[in-house]
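In terms of the working numbering, the sequence shown opens at residue 1 and continues consecutively.
Rather than coming from a laboratory, the hints here were simulated on the basis of the structure. Worth double-checking, as some hints may not be accurate.
As the list claims (entries may be wrong) - Here are the simulated distance ranges between beta carbons:
| no. | residue 1 | residue 2 | range |
| --- | --- | --- | --- |
| 1 | L37 | R101 | 29 to 35 Å |
| 2 | S28 | S75 | 34 to 40 Å |
| 3 | S129 | S83 | 35 to 41 Å |
| 4 | I125 | N79 | 37 to 43 Å |
| 5 | T25 | K115 | 23 to 29 Å |
| 6 | C31 | R110 | 30 to 36 Å |
| 7 | E51 | E97 | 41 to 47 Å |
| 8 | D128 | E65 | 30 to 36 Å |
| 9 | R101 | L73 | 37 to 43 Å |
| 10 | K96 | T61 | 27 to 33 Å |
| 11 | K68 | K23 | 16 to 22 Å |
| 12 | S70 | K23 | 33 to 39 Å |
| 13 | T42 | S129 | 21 to 27 Å |
A virtual CB, placed ideally from N, CA and C, is assigned to each residue, including glycine.
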Amino acid sequence: MILRKSLLLLGIGSAQIDLILPKNTYKSGECINGYFLIKGGTLEQRIRRIECDLIMDTHSTGKEEILKTSTILSSRGINSGESNEIPFNFCLPMLKEPYKREVSYRLKTRLILDKGIIGKDDDWILIDSE
1 MILRKSLLLL GIGSAQIDLI LPKNTYKSGE CINGYFLIKG GTLEQRIRRI ECDLIMDTHS
61 TGKEEILKTS TILSSRGINS GESNEIPFNF CLPMLKEPYK REVSYRLKTR LILDKGIIGK
121 DDDWILIDSE
């Protein structure tokens with residue numbers, strides 16, 4: 001039991017998160033309705049919050065820009081081996097020129113658990129002009 005708790009502090013065997021989206025192409029300003037799939041790790045853990053950022057990556061400069069953030073606060077627990085779905089609703093901002101050759105977009109998700117343990121997920125999306 002002590003070994004499992006020690007491994008959790010290193011992120012080994014902790015709960016995992018996956019953002020499930022209905023499609024991967026959206027229009028500027030469109031609302032996305034999906035869900036977070038959370039799978040329990042080796043021990044019960046407490047979910048503190050889920051953060052999701054819309055990030056614009058500019059390949060020519062290597063620059064990342066956070067365009068919008070969504071945070072869900074929580075105090076629920078997740079048992080070992082359990083799976084939970086949490087609804088995800090996110091409205092994309094209106095972008096003047098969403099589709100550019102050197103730019104890509106992703107939703108970067110972080111699952112913050114008790115004791116600061118973090119699970120991560122990246123989902124690349126395409127944003128077309130209206």
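Do the hints match the structure? See the list:
Checking the proposed 29 to 35 Å range against L37 and R101 shows it holds: the Cβ atoms sit about 32 Å from each other. For S28 and S75, the Cβ-Cβ distance of about 35 Å falls inside the hinted range of 34 to 40 Å, so the restraint holds. Here the CB-CB span from S129 to S83 is close to 37 Å, well matched to the stated 35 to 41 Å. At about 31 Å, the CB distance of I125 to N79 disagrees with the hint of 37 to 43 Å.
Under the hint 23 to 29 Å, the C-beta atoms of T25 and K115, about 38 Å apart, miss the expected range. C31 and R110 have their C-beta atoms about 21 Å apart, which leaves the hinted 30 to 36 Å range violated. For E51 and E97, the hinted distance range of 41 to 47 Å is not satisfied, since their beta carbons lie about 27 Å from each other. Distance hint for D128 and E65: a CB-CB separation of about 19 Å, inconsistent with the stated range 30 to 36 Å.
For R101 and L73, the Cβ-Cβ distance of about 38 Å falls inside the hinted range of 37 to 43 Å, so the restraint holds. At about 18 Å, the CB distance of K96 to T61 disagrees with the hint of 27 to 33 Å. Taken as a hint, the range 16 to 22 Å holds for the pair K68 and K23, whose Cβ atoms sit roughly 19 Å apart. For S70 and K23, the hinted distance range of 33 to 39 Å is not satisfied, since their beta carbons lie about 18 Å from each other.
Hint check: T42 to S129, Cβ distance near 46 Å, so the stated range 21 to 27 Å is violated.
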